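Visitor: From just these sequences and the hints, can you work out the full model?
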Amino acid sequence: MSENKIVTLAEDEPLNLDGGGSLSKFKTAYTTYGKLNDKKNNSILVCHALTGDQYVASDHPITKKNGWWSMVVGPDKPIDTNKFFVICPNVIGGCMGSTGPKEINPEKGKEFATDFPVITIADMVRAQKLLIDYLGIEKIFCVTGGSMGGMLVLEWLSKFPEMVHSAVPIATATNHSAQNIALNELARQSIMADPNWQSGNYYHSDKKPMKGLSVARMAAHISYLSKEALQSKFGRNLQDKNSLDYSFDADFQIESYLRHQGFTFVDRFDANSYLYITRAMDYFDVSSANNGSLIEAFKNTQSKILCVSFTSDWLYPTSENKKIVKVFNSLGLNVSFIEIETENGHDSFLLDEPKFFEAIKGFINSTFENL
Amino acid sequence: MSLINENKDFGVIAELIPNNASVIDVGCNDGSLLEYLREYKNIDGRGMEIDQKKVQLCLAKGISVIEGDADTDLYDYPDKLFDYSILTYTLQATKSPKTVMQQLVRISKKAIISFPNFGHWKIGTSLLLNRKMPVSKKLSYSWHETPNLHFCTINDFIDLCEELEIKIEKKGDLSNKKLSNFSGKNFLDSYFNEVGLFLVSKD
Numbered sequence: 000m001s002e003n004k005i006v007t008l009a010e011d012e013p014l015n016l017d018g019g020g021s022l023s024k025f026k027t028a029y030t031t032y033g034k035l036n037d038k039k040n041n042s043i044l045v046c047h048a049l050t051g052d053q054y055v056a057s058d059h060p061i062t063k064k065n066g067w068w069s070m071v072v073g074p075d076k077p078i079d080t081n082k083f084f085v086i087c088p089n090v091i092g093g094c095m096g097s098t099g100p101k102e103i104n105p106e107k108g109k110e111f112a113t114d115f116p117v118i119t120i121a122d123m124v125r126a127q128k129l130l131i132d133y134l135g136i137e138k139i140f141c142v143t144g145g146s147m148g149g150m151l152v153l154e155w156l157s158k159f160p161e162m163v164h165s166a167v168p169i170a171t172a173t174n175h176s177a178q179n180i181a182l183n184e185l186a187r188q189s190i191m192a193d194p195n196w197q198s199g200n201y202y203h204s205d206k207k208p209m210k211g212l213s214v215a216r217m218a219a220h221i222s223y224l225s226k227e228a229l230q231s232k233f234g235r236n237l238q239d240k241n242s243l244d245y246s247f248d249a250d251f252q253i254e255s256y257l258r259h260q261g262f263t264f265v266d267r268f269d270a271n272s273y274l275y276i277t278r279a280m281d282y283f284d285v286s287s288a289n290n291g292s293l294i295e296a297f298k299n300t301q302s303k304i305l306c307v308s309f310t311s312d313w314l315y316p317t318s319e320n321k322k323i324v325k326v327f328n329s330l331g332l333n334v335s336f337i338e339i340e341t342e343n344g345h346d347s348f349l350l351d352e353p354k355f356f357e358a359i360k361g362f363i364n365s366t367f368e369n370l
Numbered sequence: 000m001s002l003i004n005e006n007k008d009f010g011v012i013a014e015l016i017p018n019n020a021s022v023i024d025v026g027c028n029d030g031s032l033l034e035y036l037r038e039y040k041n042i043d044g045r046g047m048e049i050d051q052k053k054v055q056l057c058l059a060k061g062i063s064v065i066e067g068d069a070d071t072d073l074y075d076y077p078d079k080l081f082d083y084s085i086l087t088y089t090l091q092a093t094k095s096p097k098t099v100m101q102q103l104v105r106i107s108k109k110a111i112i113s114f115p116n117f118g119h120w121k122i123g124t125s126l127l128l129n130r131k132m133p134v135s136k137k138l139s140y141s142w143h144e145t146p147n148l149h150f151c152t153i154n155d156f157i158d159l160c161e162e163l164e165i166k167i168e169k170k171g172d173l174s175n176k177k178l179s180n181f182s183g184k185n186f187l188d189s190y191f192n193e194v195g196l197f198l199v200s201k202d
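Protein chains in written order, with numbering that gives the first Met the number 0: chain H, 0 to 370; chain G, 0 to 202.
Hints listed in this document are in silico derivations from the structure and should not be mistaken for laboratory results.
Don't take each hint at face value.
Restricting the straight-line Cα-Cα distance to at most 25 Å, the calculated cross-link-like pairs of lysine-lysine (BS3-like) are [stated by the list, open to error]: (1) H:K354 to G:K40; (2) H:K360 to G:K53; (3) H:K303 to H:K322; (4) H:K64 to H:K76.
Keep in mind it's a predicted model, so treat the numbers as computed, not measured.
Guide: Structure follows, in structure tokens:
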């Protein structure tokens with residue numbers, strides 16, 4: 000499949016950031032699949048979620064697992080790489096090779112850690128735009144992504160509307176609700192409460208904030224699943240035992256499952272990156288650059304759009320996705336909307352959901368045929 | 000529930016719509032009417048459909064479609080966004096035909112509405128002679144399983160338009176594929192048209 004590639008961007012002029020400050024000569028790690036055609040009109044930019052990365056359809060170098068969207072992206076898959084040129088960059092602030100807190104700050108010769116500037120979703124999109132320029136693509140055929148990836152899609156539609164032919168924002172929102180922010184704050188506090196976090200300077204220490212990051216992941220994982228899914232998958236089943244232990248060990252399967260999710264996550268994710276990326280999501284409000292007006296934010300958008308939500312997603316519920324649809328409708332845009340019935344919660348966009356796949360495939364292929 | 004999959008109806012509707020118009024088809028089924036209008040009238044079309052299987056068919060045809068409900072989701076559109084709205088064979092299945100009609104004439108400059116005419120002589124005869132709820136090709140459901148909640152006759156529809164101050168501009172006769180200007184209630188229409196089809200508007 001695809002080799003990981005790393006490119007240095009903003010070599011001539013720095014990337015100015017929303018929070019002040021700038022990044023120059025920053026790295027973007029990315030993967031590509033399929034071939035860019037001669038007309039350069041078959042590219043699909045896939046934007047990953049909070050803990051995703053560029054390994055969208057190739058095996059992850061650390062976990063050795065299939066790419067996070069390998070059911071969607073690949074030959075003869077809903078996003079068919081026989082036909083499309085798929086690009087998936089790791090966001091800035093991430094930890095899989097793009098410039099972020101664990102990378103070396105060239106000015107100081109050591110890791111950025113918390114010297115890394117606080118970035119926004121718009122900053123990530125500006126960085127992605129430099130990658131698209133570098134790849135020589137003037138107009139992306141389709142930008143897609145779920146969750147935070149969906150926020151990036153919305154920001155693309157707002158910031159660079161002329162560069163986006165079509166878009167599929169999935170299970171997302173135009174900004175974070177108080178509940179969304181609260182959950183992220185819980186995660187950040189659990190990382191920072193771990194004494195091994197050491198104010199972010201743990202890169203050369205034997206002690207890393209694994210417990211804090213693990214608890215952050217456990218809390219987040221609960222929010223990705225629905226009550227029904229948890230109940231049907233685990234119920235009150237006990238883990239490898241027939242009776243309660245009357246201890247604080249993992250008696251219940253759900254406890255064991257969450258602990259496993261937490262432990263395995265720390266091997267592949269950087270705690271500081273988690274702080275920075277959740278902050279970017281909390282700050283996200285696609286209308287903020289337009290005095291709070293969503294209509295203004297998308298007034299130059301001409302793209303064909305498909306919005307997707309999932310019935311049991313309580314983190315980015317249908318109501319939030321419908322708000323996006325309403326704005327696009329108000330502007331008379333070519334917008335479609337589909338709500339997939341599933342009990343898999345927010346995580347549905349990463350799981351085997353045939354109706355979801357059918358919708359994406361139908362939209363993308365018919366849009367391409369009508370180019 | 001929409002039975003309008005016979006292209007003969009499409010032709011009559013297409014005659015009412017000028018080239019390049021923007022159109023929303025509410026209850027757009029599998030998108031075939033929008034596809035037809037796109038081909039013959041180069042319209043800029045949108046659909047709304049409650050049945051997800053049909054939404055998927057629309058997506059695969061490249062038709063922009065909202066999975067939604069005419070009773071609740073028309074509020075999302077601004078006033079007069081579309082040149083035309085179309086509601087074929089759906090009015091009788093809505094919870095509130097009155098509000099749906101008000102929404103249609105709000106979001107579009109003109110609305111094309113068609114519905115099964117409960118005043119048709121065959122229906123009257125079925126009730127009169129058999130004392131049975133009518134089941135026919137156009138009304139294919141038994142009374143206990145029908146999605147149709149609000150049947151009306153052509154004359155009922157005309158009365159409702161009057162009450163809502165909606166102007167009826169044209170009427171259609173689908174069996175003869177004929178359109179004509181509307182000039183008030185007409186015994187022949189209400190008795191012999193299986194389907195009522197009207198072009199209406201409200202400023």
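Visitor: Are any of the numbered hints broken by this structure? If so, which, sorted upward?
Guide: 1
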